[in-house]
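When you get a sec, could you build the whole thing from the sequences and use the hints?
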Amino acid sequence: MMEQETASTLMRGEPADPDRAGRIAFGLVLSLVFLGAAVMAWQWPGNSGRLPLLCCAVGLICAVAQTVRDAFFAGSRQTEVMDVGFEAGTRPFNAAVQFFGWGLGIVTVTYFVGLPVAIFLFPLLYVFVSRARAGEGKAGIARSIVIAIVVALVCWGFTYAVFDLLLHTPWPESVWGP
Amino acid sequence: MFELLLSSFLQLFTWPTFGYLIFGVLLGMAIGILPGLGGLTGMVILLPIAFTLDPIDAIAMMMGMIAVGQTTDTIPAVLLGVPGTSAAAATVMDGYPLAQQGQAARALGAAYFSSMIGGIIGAAILLASIPVARSVLSVIGVPETFMLAMTGLVFVASLSRGSPLKGIAMAMLGLLLSTVGRESQSGRLRYDFGSFYLWEGLELVPIVLGLFAIPELIALAASRGSIARETPYQSSIRLQLYGMWDAVRHWFLIVRSSLIGVWIGFVPGIGGAVADWAAYAWARQTSRNEYFGKGDIRGVIAPECSNNAVKGGDLIPTVAFGIPGSPAMAVLLAALLNVGVMPGMTMLTDRLDVTLTMVVTLAVANVVATGLCLLFTNQLVKVVHLQHFYIIAFVLPVLIASTLLTNARFFDVYLLLVFGGLGFFMKLYGWPRAPFLIAFVLGPIIERNLIISVSFYGWSWLLRPATIGLGLLALAVLISGMRRHSRPRGLVPAPQEAAK
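Here the protein sequences line up with chains A and F, keeping their order. The numbering of the first sequence is our numbering, which starts it at 1 and goes up by one. The numbering of the second sequence is our numbering, which starts it at 179 and goes up by one.
Since the hints were made in silico from the structure, they are not lab data. Mixed in with the good hints, there may be bad ones.
[Unchecked claim] Some chain A residues flagged as far from chain F (calculated, every beta-carbon gap over 10 angstroms): (1) Leu32; (2) Gly140; (3) Trp176.
[To be verified] Quick list of the computed label-pair ranges, beta carbon to beta carbon: (4) Leu564/F x Leu104/A: 18 to 26 angstroms; (5) Leu651/F x Trp42/A: 26 to 34 angstroms; (6) Val175/A x Ser373/F: 14 to 22 angstroms; (7) Arg91/A x Phe191/F: 51 to 59 angstroms; (8) Val129/A x Phe589/F: 26 to 34 angstroms; (9) Leu225/F x Arg91/A: 23 to 31 angstroms.
Glycine included, each C-beta is placed from N, C-alpha and C at the ideal position.
Shown next as structure tokens:
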């Protein structure tokens, strides 16, 4: 079955789809979201449930149809014209895990210590770690530290100037810090 | 009237009026560049200052601010793939791929020039249409507004050529999420899951930034290079001029997209976030080129002139009838009332000078902003050659700060990350993000107008001539999208080949 499908996609000049399982899983999750939302909206009287039910019905049909298509018919994975896909040869999953790790880090620091600290600390650490990974040797450490501090200061200064000096936005309080 | 127009033009260049105009333009440019901040923020900042000024000075300052935000929001959209405002999301689709090919300056040159022309066309139509606007607006009832919004949605959803099913499903998801929170008619809470934060619904800013900015940053991190990876730095002046020439070559596209922008701005409640997608969708639909979405300059020109032309259309109901077409216009209206200018028929008679000042300011502000942008582009485009970690180190904290400080709600930061994750999977598996966003923006308009239509007219509103016309148009677009999809695909040219 798999070989047949691979052969059919290759005959059409399309490479085999390595993300097929993920694609099907995404379609299934989307279908379940529509189904769950429909069950909730079913209990609402009158106008409240009208639009949600309509969205759920149409969305569920489309999501299920697309999932079936992804599961049993190859060739529906063309890059969207209204969207730009990831570059071939890159590892977006690994990058996403690291990115969200950093993201959760900055959010945690913001929550406990405060935004002013977080927006200085994140660029400092991120630039330093990234430069170290990029192959900066021991000799480059001092240079990396200086560059990381400069980037952190620019980021902090920019945010402070715009939101505090110009817009006078109240900064939310943190658990421990400012 | 011509003499009055000339005197308004000359008065704009007197001191201190011109100074206030420049101040407004600079603030608008700064706010446009910052992701998450829109024209409303700028208007709120200027409101207390406007109250202390002469009406003409106040209008010059506020109009200068509001006219140019959509010019500079292109800069992060093209250079970083991060839309400065929701009205620049469509520009990312082709602007960012152009930057990746080392043609950021070309994209920016085309964007500035088409923004300027779009703004001027918007101002010209504002000038021409005020006397006849009242009769046109009276034709657009509640059912027509509903159908107009649905047609816009179908336009965008049908363009998902990988599969229109995905486009429609994403539009439905966006529409569904727009219903989260308190329902406007009955006050019933929907999908709030017992959370107080969800009572007022989901915020637009974290959704836009999450869906569009975070996946681009992840893509940049995954590439482990700079935005313009393999392309050596080229002098931006020549590319900018080339971009401007691109805009001139596609003059008909500019006119067409500007008219779409003015028309969408004219209908209260539908704004720049819709206009740019509608113009992009139209440009895409009428093109036989497979290169859209991979760095076609027309994909930059169409949304850019459209979202600047919106302002002219937006001002028509605000000035002529006192019906603000957007929250920013509501603030402008408040400022006008406070400085003693009453919108309505008096704007065409006793205070025609004020109306003409608005028209002239709209046009002049666009020209000034374009000049300033061109001046700095040479330096700005160097950003695309920086290593990825410098960009992420700067942009991610700014995104989080913008999201957190817009409403001072920590919950919005979680939303940013959640929608960032959703945007990542959508990008990875080829589910289009545009229909989702556009449906989310249009959701409240669609629901309100649907409920009112059904309450007032039963289902007979479906038989109104304008409703039928718009419905047929939507159907034609949908069928056309399906037919395009079912047609066998030819070879897509490589970016460099197509650029040649």
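message: Output the indices of the hints that this structure fails to meet, ascending.
response: Result: hint 9 breaks, nothing else.
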